[in-house]
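J.: Following the hints, position chain B against chain L.
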Amino acid sequence: MTAKEISAKTNGKIAVDSDFDAKEFYVGDFLSRVMGKAPADSAWITVMSNVNVAGVAVLAEIKIIVLCEGVTPSEQLIDRCKEQQIAVVTTDLGAYECCRLLS
Amino acid sequence: MGDSIKLRYDVNGEDFVTCGQASEDVKRTLKGIGIPSATIRRVSIAMYEGEINMVIHGGGGVAEVEIFEDRITIVLKDTGKGIADIEKAMQEGYSTATEDIRELGFGAGMGLPNMKKYSDEFAIESKVGQGTTVTMTINFQEDA
Numbered sequence: 001m002t003a004k005e006i007s008a009k010t011n012g013k014i015a016v017d018s019d020f021d022a023k024e025f026y027v028g029d030f031l032s033r034v035m036g037k038a039p040a041d042s043a044w045i046t047v048m049s050n051v052n053v054a055g056v057a058v059l060a061e062i063k064i065i066v067l068c069e070g071v072t073p074s075e076q077l078i079d080r081c082k083e084q085q086i087a088v089v090t091t092d093l094g095a096y097e098c099c100r101l102l103s
Numbered sequence: 001m002g003d004s005i006k007l008r009y010d011v012n013g014e015d016f017v018t019c020g021q022a023s024e025d026v027k028r029t030l031k032g033i034g035i036p037s038a039t040i041r042r043v044s045i046a047m048y049e050g051e052i053n054m055v056i057h058g059g060g061g062v063a064e065v066e067i068f069e070d071r072i073t074i075v076l077k078d079t080g081k082g083i084a085d086i087e088k089a090m091q092e093g094y095s096t097a098t099e100d101i102r103e104l105g106f107g108a109g110m111g112l113p114n115m116k117k118y119s120d121e122f123a124i125e126s127k128v129g130q131g132t133t134v135t136m137t138i139n140f141q142e143d144a
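Taken in order, these protein sequences are the chains called L and B. Residue numbering for the first sequence follows my numbering, beginning at 1 and increasing consecutively. Residue numbering for the second sequence follows my numbering, beginning at 1 and increasing consecutively.
Calculated from the structure, these hints are not laboratory results. For each residue, glycine too, the CB sits at the ideal point set by N, CA and C. Careful: at least some of the hints might be erroneous.
Claimed, not checked - No more than 30 Å apart at the CA atoms, straight line, and that leaves these computed lysine-lysine pairs for DSBU-like:
(1) L:Lys37 <-> B:Lys81
(2) L:Lys23 <-> B:Lys116
(3) L:Lys4 <-> B:Lys31
(4) L:Lys37 <-> L:Lys63
(5) B:Lys116 <-> L:Lys63
Stated by the list, open to error - Derived list of chain B stretches under chain L, where covered just means 3 residues or more per stretch with a C-beta under 8 Å from a C-beta of chain L:
(6) 21-27
(7) 37-44
(8) 108-120
Next up, chain L with everything else stripped away, as it sits in the complex (with noise of 0.2 Å):
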């Protein structure tokens, strides 16, 4: 599912776009439970919006960030992401219900 395709069902916002197709998913927050579950080439959905999003997205080759709960990405975080060609997707919606509709 590409970044766009996530933004359309959850009624969300693009904040940087990439045509990358993630066939797999993780929801979490904590950042080591992340790094040491979520597959390579996924879209991880998170209510975390600190630059080390970004970090952990590189070094774990995590392809699209989705962030739930209408929170917002910090400058720093968007900078990193376009730089390292990783798609941040905002949305409203709650996690569980963000995972729901992308299921």
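T.: Positioned in the frame of chain L, the structure of chain B alone reads:
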């Protein structure tokens, strides 16, 4: 065959924003020499977890990396407060991180377990009041 590549990084103990730069640089270096991406991912995560630990608990320190033909070794050394009970620290979910740190998304108690999980050889030495040294080796096997 050829000589090893030696890299050395100072990890700033107060900076979560630059934390991860050393790992990203190592990642780029490994990519540049054609290491399989699944292996690079293991190295990247193990080293980033180590960097985070150095910032959260170690007050910063030094990361020394050596890349050989068939493996990489990463030595992370801090002179921070040390670990009182290594056995506990190695348990998934055990953390001594503060609430502030947890609000940043760290402190899940998965750092050391992840480092062990992703390395082929893992060693940790620590003395309370003197600091901690973690040594990890990851072999470069082909992608399955």
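J.: Each hint needs a verdict: does it hold in this structure or not?
T.: Results for each hint:
1. Under the criterion of a C-alpha separation no larger than 30 Å, the hint pairing L:Lys37 with B:Lys81 is consistent with the structure, at around 29 Å.
2. Restraint check for L:Lys23 and B:Lys116: the C-alpha separation of about 27 Å stays at or below 30 Å, so the hint holds.
3. With a C-alpha separation of about 29 Å, the suggested pairing of L:Lys4 with B:Lys31 holds against the 30 Å cut-off.
4. Using a Cα cut-off of 30 Å, the hinted pair L:Lys37 and L:Lys63 holds, with the two alpha carbons roughly 15 Å apart.
5. A threshold of 30 Å between alpha carbons decides the hint, and for B:Lys116 with L:Lys63 the separation of about 25 Å falls inside it, so the pair holds.
6. Here's how the segment 21-27 of chain B fares: 3 of its residues keep a CB closer than 8 Å to some CB of chain L, so the rule of at least three is met and the hint holds.
7. Counting residues of the segment 37-44 of chain B whose C-beta sits closer than 8 Å to any C-beta of chain L gives 4, which meets the bar of three, so the coverage hint holds.
8. Interface restraint, the segment 108-120 of chain B with chain L: holds (7 residues with C-beta to C-beta distance below 8 Å; minimum three).
In terms of the numbered hints stated before, the structure departs from none.
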